[in-house]
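Chains as they are written, first to last, in UniProt numbering: chain A, 1 to 279; chain B, 1 to 772.
Calculated from the structure, these hints are not laboratory results.
Nothing here was measured: the structure is a model prediction, and the numbers come from that model.
Don't take each hint at face value.
To be verified - Not everything, but these chain B residues come out facing chain A in the computed CB check (under 8 Å):
| id | residue |
| --- | --- |
| 1 | PRO103 |
| 2 | LYS108 |
| 3 | THR111 |
| 4 | HIS114 |
| 5 | ASP116 |
| 6 | LYS555 |
| 7 | ASN593 |
| 8 | ALA594 |
| 9 | GLY680 |
| 10 | ARG681 |
| 11 | TRP765 |
| 12 | LYS768 |
Said to hold, decoys possible - The calculated label-pair distances, taken between Cβ atoms and stated as ranges, are:
| id | chain 1 | residue 1 | chain 2 | residue 2 | range |
| --- | --- | --- | --- | --- | --- |
| 13 | B | ASN183 | A | GLY246 | 33 to 39 Å |
| 14 | A | GLU86 | B | ARG640 | 32 to 38 Å |
| 15 | B | GLU424 | A | LEU119 | 58 to 64 Å |
| 16 | A | LYS239 | B | GLU301 | 53 to 59 Å |
Said to hold, decoys possible - The calculated BS3-like cross-link candidates involving lysine-lysine, where the alpha carbons are at most 27 Å apart (straight line), are:
| id | chain 1 | residue 1 | chain 2 | residue 2 |
| --- | --- | --- | --- | --- |
| 17 | B | LYS235 | B | LYS22 |
| 18 | B | LYS11 | B | LYS657 |
| 19 | A | LYS257 | B | LYS170 |
| 20 | B | LYS16 | A | LYS257 |
| 21 | A | LYS98 | A | LYS58 |
| 22 | B | LYS11 | B | LYS581 |
| 23 | A | LYS29 | B | LYS57 |
| 24 | B | LYS392 | B | LYS662 |
| 25 | B | LYS11 | B | LYS662 |
| 26 | B | LYS662 | B | LYS6 |
| 27 | B | LYS423 | B | LYS171 |
| 28 | B | LYS163 | A | LYS239 |
| 29 | B | LYS768 | A | LYS239 |
| 30 | B | LYS392 | B | LYS438 |
| 31 | B | LYS295 | A | LYS98 |
| 32 | A | LYS98 | A | LYS87 |
| 33 | B | LYS6 | B | LYS163 |
| 34 | B | LYS16 | B | LYS171 |
| 35 | B | LYS295 | B | LYS381 |
| 36 | A | LYS221 | A | LYS239 |
| 37 | B | LYS6 | A | LYS108 |
Even for Gly, the Cβ is constructed at its ideal location relative to N, Cα and C.
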Amino acid sequence: MIPFDFEYYRPESISEAVQLFIELDQAGKNPVYFSGGTEIITLGRINVLYTNAVIDIKGIPECQVMDYHEGNLYLGSCCTLVDIEEKNLFPLLTATSKEVADHTARTKITLGGNICANLFYREAVLPFLLADSQVIIAGPNGYRTEYINQVFNQTLQLERGEFLVQLITEPDKIEAPSINIKRRRQWTTGYPLVTVAGLKLGEEIRVAISGLCPYPFRSQKMEYYINSQDFSQRDRIEKALGDVDGNVLNDTEGSDKYRLFILRNTMLDIVSTLEGERA
Amino acid sequence: MTNIGKSVIRKEAEDKVTGRAKYTADYSSVGMLFGKTVISKHGHARINNIDVSEAEKVPGVRAIVAGERFPLTGEEIRDRPPIAVDKIRYHGEVTAIVVADSPSIAKKAATLIHVDYVPLPVVNSPREAVKKSAPLVHENVALYEKDEGVNPIPESNIANHTKIRKGNIKKGWDQSEVTVENNFSFPPSDHIAMETRSAIAEIKPNGDIHIKTSSQAPFMVKELLSAYFNIEVGKIIVDTPLVGGGYGGKASVQLEILAYLASKAVGGRVVKMMNEREEDLISSPCHMGLDATVKIGCTKEGILKAAELTYLVDSGAYSDKAIHLSRACAVDCTGPYRIDHIWCDSYAVYTNHPYPAPYRGFSHAEVHFVFERAMDILARKLRMDPLELRRKNAILPGDTSPTQVVLNRSTVGDVPQCIEKVKELSRWNEGQIIEVDKRYVRAKGIACVWKNSTIPPESSSGVVITFNEDGTLNLISGVVEIGTGTKTVLAQMVAEYFRMDTNDVYVRMNVDTQATPEHWKTVASRGTLMAGRAALAAAEDAINQIKDIASRVLKVRPDDLEVGNRRIFLREEPNRGLDFKEVVYGYTYPEGNAIGGQIIGRGNYILRNVTHLDPETGKGNPGPEWAVGAQVVEVEFDRRDYTYRILKAISVLDIGKVLNYKGALGQVTGAMCMGLGFGGRESFIFDQQGRVLNPQLRTYRPVQFGEQPEYIVEFVETPHIDAPFGARGAGEQGLLGMPAALGNSLSVAAGVELFHLPLIPESIWAEKEGRE
Chain A
1 MIPFDFEYYR PESISEAVQL FIELDQAGKN PVYFSGGTEI ITLGRINVLY TNAVIDIKGI
61 PECQVMDYHE GNLYLGSCCT LVDIEEKNLF PLLTATSKEV ADHTARTKIT LGGNICANLF
121 YREAVLPFLL ADSQVIIAGP NGYRTEYINQ VFNQTLQLER GEFLVQLITE PDKIEAPSIN
181 IKRRRQWTTG YPLVTVAGLK LGEEIRVAIS GLCPYPFRSQ KMEYYINSQD FSQRDRIEKA
241 LGDVDGNVLN DTEGSDKYRL FILRNTMLDI VSTLEGERA
Chain B
1 MTNIGKSVIR KEAEDKVTGR AKYTADYSSV GMLFGKTVIS KHGHARINNI DVSEAEKVPG
61 VRAIVAGERF PLTGEEIRDR PPIAVDKIRY HGEVTAIVVA DSPSIAKKAA TLIHVDYVPL
121 PVVNSPREAV KKSAPLVHEN VALYEKDEGV NPIPESNIAN HTKIRKGNIK KGWDQSEVTV
181 ENNFSFPPSD HIAMETRSAI AEIKPNGDIH IKTSSQAPFM VKELLSAYFN IEVGKIIVDT
241 PLVGGGYGGK ASVQLEILAY LASKAVGGRV VKMMNEREED LISSPCHMGL DATVKIGCTK
301 EGILKAAELT YLVDSGAYSD KAIHLSRACA VDCTGPYRID HIWCDSYAVY TNHPYPAPYR
361 GFSHAEVHFV FERAMDILAR KLRMDPLELR RKNAILPGDT SPTQVVLNRS TVGDVPQCIE
421 KVKELSRWNE GQIIEVDKRY VRAKGIACVW KNSTIPPESS SGVVITFNED GTLNLISGVV
481 EIGTGTKTVL AQMVAEYFRM DTNDVYVRMN VDTQATPEHW KTVASRGTLM AGRAALAAAE
541 DAINQIKDIA SRVLKVRPDD LEVGNRRIFL REEPNRGLDF KEVVYGYTYP EGNAIGGQII
601 GRGNYILRNV THLDPETGKG NPGPEWAVGA QVVEVEFDRR DYTYRILKAI SVLDIGKVLN
661 YKGALGQVTG AMCMGLGFGG RESFIFDQQG RVLNPQLRTY RPVQFGEQPE YIVEFVETPH
721 IDAPFGARGA GEQGLLGMPA ALGNSLSVAA GVELFHLPLI PESIWAEKEG RE
């Protein structure tokens, strides 16, 4: 039960949504964009999140898109993770998405909601970071299209009143060999100790990580070491791990030391699987 | 007849699968108010001030109960203020209740109550608690009102001490050529019943108190409320509808007390309280933790000679059921083995943790984990197959239990046969560990189990049977339907006795303490024995009445008559007889005279020859019978990552006559799943301040669908002579050996002894990497 009342709006266009945001914000209602709603419920009921007004963007057609357009894949921010899995237009995204929460929750959780979540795992962003996807963001100043690696730094860097509309991914990235490995405290449910997504473009391996630090990230330095061909696989991974910053999580899922132990083996699996395809 | 053993679908099944079944929180009424608790955010703290001024201003708030000194509560020691005063002793302790017009108003106001705490030093484990320097959780434990035979140690954190002194321990050690001694531990955890606890209270103008509650012990709610608040017991009427899982957690009386106080605060109006999951996890009673030291010794041939055991039961902040739990640890303090010399000290120890309720298995899974792990360590030292060590020492008729009860085939069942069967089913002879490849191994672990109940000697159960005009039956029992299907099994028993169809026995699901004969508590796998015996007695009583009337009508001796298919007839001439419908509401002669009247069968049962335990030696008869078994868990273990999958979990249980095959299978499989969760993942994670860091299902995760292994369950059916149709308890036994068998399989797989639960990969990694 959510112990506070809030207003609910369901605009049918981007401009209507943005206009509503501006008005509600000016009225001091601290509005939030609402997509799947799972965080509003789960964090609202324990008083971690508070708002006086939500703007449900699921009624905006652009946010529901799942299609190729001029060769590129467009995914709307309000597609549910189950939609993503069932259509399976982006295999790495399917692989990553399938491991988030549970099926019942994924019928509600949306792509944009996961990428912009308060919970810091935001695993759905990993494939897009690897694919150098572009994002379309709408806001009070109109639209902007940006490379996700330019605008995602721990979180998607949105200006006040902006929201994520679509993600655009090029077909070569979608078809490239990829792998996603999620490792948990125990068995097959729960948050990640680490989730690592890997993509191989030509001879270049890219990796992005969630669960290790209190934010997901893709590190070019780590990729540099992983791809430096002068060393053994193991040494390259050691060097890549050496570049992990000091922000490794130490929480109820696992200690920092154990996370690094698991990360090492997971990276080994990712790199050897992707490199194996070269042979 | 064919009712017994048959997989009769439980009578409430259709209601449940269609979502129509009603649980306590589903009941609403006009004018109902809603209570919400405020719970402490600290492990141990002095309450400086409670500021309710903001909360009071919220429109719709009717009352706030805080800071008031109510009578102390608690089952064996009255040590618990229902709502904290002066200080809080655990994270989750109730500090206030808000009563309001709606649940959301109550919740909103609850968030506006500000409690000013001064943190105090925390006792964060039983081992810390028994140190001389430990802070005291209760300053005056010796001054509390308590039951006879409960012995708190003054100025300590020890709430009670139970001793087992069997044989001569010195002699036992003299005879032991090989010994092992180890410490084991696990933190408190929870039951995770699907239905969170709920209670509704109303105080009528005439002083009658109506409680509706999701409880396994409605009769105890009545008794305890009466005792705590000095209310005439007949004025308290408790109603319990279907309960969505109990597992022992709803045998404790807690939320009912709060609902009563909340109702009292608003002039007796109806107040509903319902736990949200977080409160159900940490505020209401949980599952105990344990610190144990186990020392066992045997001859070179592997014959057990001595066991010396120290159990420190994590009783949390309040002793409530923990004293009883620690006593149960002592009663079956070993596995099901013949051991002539046993010395056990079992202590209930206060800590600043949430306090425990019973938990499915009542201390047995806990004791079995530590004892059965020690058995494997001993087997390794002996270089003996652990299954063989167990087979050699399996307890037999003629042996004595730790409390010196001389066992017979009826009371103890057949441990060797269970071991033999599980050996076959698990293909034990393939080897305990099999290398799959360089990285993976498959390993098996075994544990033997036994369980008696330790319920009070005077516990009783009653059943009433009434009839419908068509000759069908109504069965009324105080057993709460907590999901075990017991009421359906009772109907099967009665149908069998009447030689009629189970469908023609109607069962009253709700328990109403004013209308339903008492069943002590729906706990300890005692429903089929106690309520079963009472049901059969009621059936016999009804049949005798029917025979009496029919014998007059038919002009025959009553003992020449038999019943079957809702008829009473002459044994020799089955065609000569009467339909039940002609008799059960009185027989009317053709000319209009009537005899008899409605038939009401009544029956009761009280346990026979159960005794209190001798305070110095523990000698005594704790309960009627042991259900026994042997269980194996097989894992596939990744030697690189220390992760594992549970491939198979196998149980061979001697539960006596199986009364409802699929029902029993469901009980055993469900219990196994719960045991694997307890062993493999579930525990509270505490910080240094005694705060539970994972009080949500996000982070506290029971086994979920897809994580379960293949379950293999087989039964051995050694009859318990005293029980209806020879059945033994079956609701808990599947759980008992799971944590131990899991620990044993992983210890073999990882090549390192594991001493702590839960058995998560990180802790195996820590043991292993810590050593190498």
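Status of each hint after checking the structure:
Given hint, PRO103/B at the interface with chain A, holds; its Cβ is 6 Å from that chain's nearest Cβ, closer than 8 Å. For LYS108/B, the suggested interface contact is upheld, since its CB lies about 4 Å from the closest CB of chain A, less than 8 Å. Here the hint on THR111/B is kept, as its CB sits about 6 Å from the closest CB of chain A, short of 8 Å. The beta carbon of HIS114/B is not positioned within 8 Å of any beta carbon in chain A (closest approach about 13 Å), and the interface hint is therefore violated.
For the restraint placing ASP116/B at the interface with chain A, the shortest Cβ-Cβ distance is roughly 19 Å, beyond the 8 Å limit, so the hint is violated. A cut of 8 Å between beta carbons decides the hint on LYS555/B: the least distance to chain A is about 68 Å, and the hint is violated. With its C-beta approaching chain A no nearer than about 64 Å, ASN593/B sits outside the 8 Å limit, and its interface hint is violated. With its C-beta approaching chain A no nearer than about 58 Å, ALA594/B sits outside the 8 Å limit, and its interface hint is violated.
Restraint check, GLY680/B versus chain A: the minimum CB separation of about 6 Å is within 8 Å; hint holds. Because the beta carbon of ARG681/B sits about 5 Å from the nearest beta carbon in chain A, less than 8 Å, this interface hint is met. Of the supplied interface hints, the one on TRP765/B holds, with its beta-carbon coming within about 6 Å of a beta-carbon of chain A, less than 8 Å. About 11 Å separates the beta-carbon of LYS768/B from the nearest beta-carbon of chain A, more than 8 Å, and the hint is not met.
Between ASN183/B and GLY246/A the beta carbons are some 35 Å apart, a value that agrees with the proposed interval 33 to 39 Å. The hint said 32 to 38 Å for the Cβ distance between GLU86/A and ARG640/B, and at roughly 34 Å that hint holds. In this structure, GLU424/B and LEU119/A break the distance hint of 58 to 64 Å, their C-beta atoms being roughly 48 Å apart. LYS239/A and GLU301/B have their C-beta atoms about 57 Å apart, which keeps the hinted 53 to 59 Å range intact.
Restraint check for LYS235/B and LYS22/B: the C-alpha separation of about 25 Å stays at or below 27 Å, so the hint holds. Pair hint LYS11/B plus LYS657/B holds up; C-alpha atoms about 21 Å apart against a cutoff of 27 Å. Taking the CA atoms of LYS257/A and LYS170/B, the gap is near 46 Å; set against the 27 Å cutoff, the hint is violated. At roughly 46 Å between alpha-carbon atoms, LYS16/B and LYS257/A are farther apart than 27 Å, so this suggested pair is violated.
Straight-line distance between C-alpha atoms of LYS98/A and LYS58/A comes to about 21 Å, which keeps the hinted pair within the 27 Å bound. For the proposed pair LYS11/B and LYS581/B, the alpha carbon gap of about 23 Å is at most 27 Å, so the pair holds. Taken as a hint, the LYS29/A and LYS57/B pair is honoured in the structure, with Cα atoms around 22 Å apart against an allowance of 27 Å. Between LYS392/B and LYS662/B the alpha-carbon distance is near 33 Å, which puts this suggested pair outside the 27 Å criterion.
Between the alpha carbons of LYS11/B and LYS662/B the distance comes to roughly 14 Å, so the proposed pair stays at or under 27 Å and holds. As the CA atoms of LYS662/B and LYS6/B are separated by approximately 8 Å, the hinted pair is consistent with the 27 Å bound. Taken as a hint, the LYS423/B and LYS171/B pair is broken in the structure, with Cα atoms around 33 Å apart against an allowance of 27 Å. A C-alpha spacing of about 59 Å is found between LYS163/B and LYS239/A, which places the hinted pair above 27 Å, so the restraint is violated.
A distance of roughly 25 Å separates the Cα atoms of LYS768/B and LYS239/A; the hinted pair therefore holds under the 27 Å criterion. Taking the CA atoms of LYS392/B and LYS438/B, the gap is near 35 Å; set against the 27 Å cutoff, the hint is violated. Distance restraint check for LYS295/B and LYS98/A: the Cα-Cα separation of roughly 48 Å exceeds the 27 Å cut-off, and the hinted pair is therefore not satisfied. Taking the CA atoms of LYS98/A and LYS87/A, the gap is about 12 Å. The hint holds against a cut of 27 Å.
Distance check on the hinted pair: LYS6/B and LYS163/B sit about 43 Å apart at the alpha-carbon level, beyond 27 Å; violated. As the CA atoms of LYS16/B and LYS171/B are separated by approximately 57 Å, the hinted pair breaks the 27 Å bound. This hinted pair checks out: LYS295/B and LYS381/B have alpha carbons roughly 13 Å apart, not beyond 27 Å. Between the alpha carbons of LYS221/A and LYS239/A the distance comes to roughly 10 Å, so the proposed pair stays at or under 27 Å and holds.
Taken as a hint, the LYS6/B and LYS108/A pair is broken in the structure, with Cα atoms around 42 Å apart against an allowance of 27 Å.
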